[in-house]
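Enquirer: Sequence:
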Amino acid sequence: MRVQPLCRRNQLSRLSDFRRLFCLLFALGGVFITRPAAAQQEYIVELRNGMQLGPGTVSDTDSISSKSNERVNTGNAVSRSILILDDGLRNSYVNKSIRNVIANRLSTMPAFEQIELPSSGEAARSGNAPSIVGQLGISSFNKYGRRTYSLMTTRGRVDVLQGITMLTPLFAKVEVLRTGHDDFAWDQRIATTSIPAQELHDILYQAVDLDKSSDWLRLVSFYQQAKRYAEAHAVMSEALVKFPVELGDRAPVLTQLNQLFANQQFEEIKLRKKAGQYQLVGDLLGQFPLDALSGENQLKLDAEIKIVQQQVLLITDIVASLKEHVAKLPEPEQQAVLPLVQEMSDEVNFDSAARLDDFQRLRRDPTIDSESLVAYALGGWLLGSGAGLDNLAVAKSVMRVRTLTQRYLTVGTQAERQQILEELRGEEGARPELLAKVIRTMQPPLTPPQPSPDDPPGLLR
Numbered sequence: 004m005r006v007q008p009l010c011r012r013n014q015l016s017r018l019s020d021f022r023r024l025f026c027l028l029f030a031l032g033g034v035f036i037t038r039p040a041a042a043q044q045e046y047i048v049e050l051r052n053g054m055q056l057g058p059g060t061v062s063d064t065d066s067i068s069s070k071s072n073e074r075v076n077t078g079n080a081v082s083r084s085i086l087i088l089d090d091g092l093r094n095s096y097v098n099k100s101i102r103n104v105i106a107n108r109l110s111t112m113p114a115f116e117q118i119e120l121p122s123s124g125e126a127a128r129s130g131n132a133p134s135i136v137g138q139l140g141i142s143s144f145n146k147y148g149r150r151t152y153s154l155m156t157t158r159g160r161v162d163v164l165q166g167i168t169m170l171t172p173l174f175a176k177v178e179v180l181r182t183g184h185d186d187f188a189w190d191q192r193i194a195t196t197s198i199p200a201q202e203l204h205d206i207l208y209q210a211v212d213l214d215k216s217s218d219w220l221r222l223v224s225f226y227q228q229a230k231r232y233a234e235a236h237a238v239m240s241e242a243l244v245k246f247p248v249e250l251g252d253r254a255p256v257l258t259q260l261n262q263l264f265a266n267q268q269f270e271e272i273k274l275r276k277k278a279g280q281y282q283l284v285g286d287l288l289g290q291f292p293l294d295a296l297s298g299e300n301q302l303k304l305d306a307e308i309k310i311v312q313q314q315v316l317l318i319t320d321i322v323a324s325l326k327e328h329v330a331k332l333p334e335p336e337q338q339a340v341l342p343l344v345q346e347m348s349d350e351v352n353f354d355s356a357a358r359l360d361d362f363q364r365l366r367r368d369p370t371i372d373s374e375s376l377v378a379y380a381l382g383g384w385l386l387g388s389g390a391g392l393d394n395l396a397v398a399k400s401v402m403r404v405r406t407l408t409q410r411y412l413t414v415g416t417q418a419e420r421q422q423i424l425e426e427l428r429g430e431e432g433a434r435p436e437l438l439a440k441v442i443r444t445m446q447p448p449l450t451p452p453q454p455s456p457d458d459p460p461g462l463l464r
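The sequence shown begins at 4 in our numbering and counts up one residue at a time.
Hints were generated in silico from the structure; no laboratory data involved. Keep in mind that this is a model prediction, so the values were computed, not measured. You may find that some hints are simply not true.
As the list claims (entries may be wrong) - Using C-beta positions, here's what the derived DEER-type ranges look like:
| hint | residue 1 | residue 2 | range |
| --- | --- | --- | --- |
| 1 | 317 | 212 | 54 to 64 Å |
| 2 | 447 | 201 | 31 to 41 Å |
| 3 | 201 | 252 | 22 to 32 Å |
| 4 | 459 | 257 | 37 to 47 Å |
| 5 | 313 | 213 | 45 to 55 Å |
| 6 | 158 | 257 | 47 to 57 Å |
| 7 | 350 | 290 | 18 to 28 Å |
| 8 | 97 | 153 | 34 to 44 Å |
| 9 | 137 | 350 | 37 to 47 Å |
| 10 | 310 | 85 | 40 to 50 Å |
| 11 | 92 | 137 | 16 to 26 Å |
| 12 | 426 | 346 | 20 to 30 Å |
Claimed, not checked - Below, in silico cross-link-like pairs of lysine-lysine (PhoX-like), each with a Cα-Cα straight-line distance of 20 Å or less:
| hint | residue 1 | residue 2 |
| --- | --- | --- |
| 13 | 399 | 440 |
| 14 | 273 | 309 |
| 15 | 331 | 399 |
| 16 | 309 | 277 |
| 17 | 326 | 399 |
| 18 | 230 | 273 |
| 19 | 273 | 303 |
| 20 | 276 | 309 |
| 21 | 276 | 303 |
| 22 | 215 | 245 |
| 23 | 277 | 303 |
We put the beta carbon where it would ideally sit given N, CA and C, even for glycine.
Start from the sequences, fold in the hints, and give me the full structure.
Expert: Written out as structure tokens, the structure is:
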């Protein structure tokens, strides 16, 4: 009967000893309080529409509203039907119904490199946030990752000192730093890609110990995870020069980074081509370092180059064939269509060549005369692909309609516009269905202002 009280006293004594030990450690520097918590497990969320979200931490909620009076608070876990995936930069909200989410699996990707800056010990953890009216300006980050954020508040201008407290390949954690006045807790996340390359370089080189080879490898890993392979290559090259013995066995990393960069550029070329930027695609393909690609992508690049070359030759052939057929027309007809033929020769590209599909398909048919073939080409250029216009007289009328339409959109008086309308009524090519196609394919009637050396960068006066 006396054992239990004795045990209770021993338990209380041990608990008291633990509290004294905790207080001692806290007084010596808050060892337990300032130590970072263990990283949470990250997940990949696969949706039925084919999207993949993550990696990030997963939680659920009953509402995306931050207002308590708009939230559903039934106390029933079933009502928490919204899944939240937090990747550190943003929150993604999805309905976690099985009709929407296929799988929610653990991420096997290696954890992102996290570089903690000294500013993390100066972040404000309390204070009253001001009532912000607007933003007045933001300075650039210095090499210590600090900047001034100027706000207009209800009590006037407030200049807040911000500092990057943590950098990852995905985001930078920016917090308000203590200055003794206007301090308040503000955890802001910005994409690492939004930090200019030189500023990021200076911040990273200031944050790590450049006398340690391991820290150089951390920088290489940081840039590689951010898919900035050219910068990773530059850092690795610099590290090999600085530590030739310690990092001598890491030289093959340069070749891997070259391949990753080349593959990235190849994917960009395919994206540009899909967006219709064929001129840029041709320039990039002509300068591409073919040897840096993997074997599979070298074959793909060869195929892409051949396709572009074939398209260039085809456009050249189409223009030459059109000029040959125009030369077979009577002299008055040649003079009438020559300006538009010259425009087509100057402006046709991979994208607009589709307008000449009718001419390209029929130009070798011996049963079709040159007059009809020229009409197909002019009609396609003026009206768009598949116009099927085989009457040269109507094609010339559509040419005049386009000229009158451009004039109508640029003249400044009602009388001039009325006169142009009267002229349009007499044109066969001014039918509403044709006029709509003309407006869709023609160039803007007004020439944009040309940039001046005195203009601010990216702006026109």
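Enquirer: Now tell me, hint by hint, if it's right for this structure.
Expert: Results for each hint:
no., hint, result
1, 317 / 212: 54 to 64 Å, "holds, 58 Å"
2, 447 / 201: 31 to 41 Å, "holds, 37 Å"
3, 201 / 252: 22 to 32 Å, "holds, 31 Å"
4, 459 / 257: 37 to 47 Å, "holds, 40 Å"
5, 313 / 213: 45 to 55 Å, "holds, 51 Å"
6, 158 / 257: 47 to 57 Å, "holds, 55 Å"
7, 350 / 290: 18 to 28 Å, "holds, 24 Å"
8, 97 / 153: 34 to 44 Å, "holds, 37 Å"
9, 137 / 350: 37 to 47 Å, "holds, 45 Å"
10, 310 / 85: 40 to 50 Å, "holds, 46 Å"
11, 92 / 137: 16 to 26 Å, "holds, 24 Å"
12, 426 / 346: 20 to 30 Å, "holds, 21 Å"
13, 399 / 440, "holds, 15 Å"
14, 273 / 309, "holds, 14 Å"
15, 331 / 399, "holds, 17 Å"
16, 309 / 277, "holds, 16 Å"
17, 326 / 399, "holds, 16 Å"
18, 230 / 273, "holds, 18 Å"
19, 273 / 303, "holds, 10 Å"
20, 276 / 309, "holds, 14 Å"
21, 276 / 303, "holds, 14 Å"
22, 215 / 245, "holds, 10 Å"
23, 277 / 303, "holds, 15 Å"
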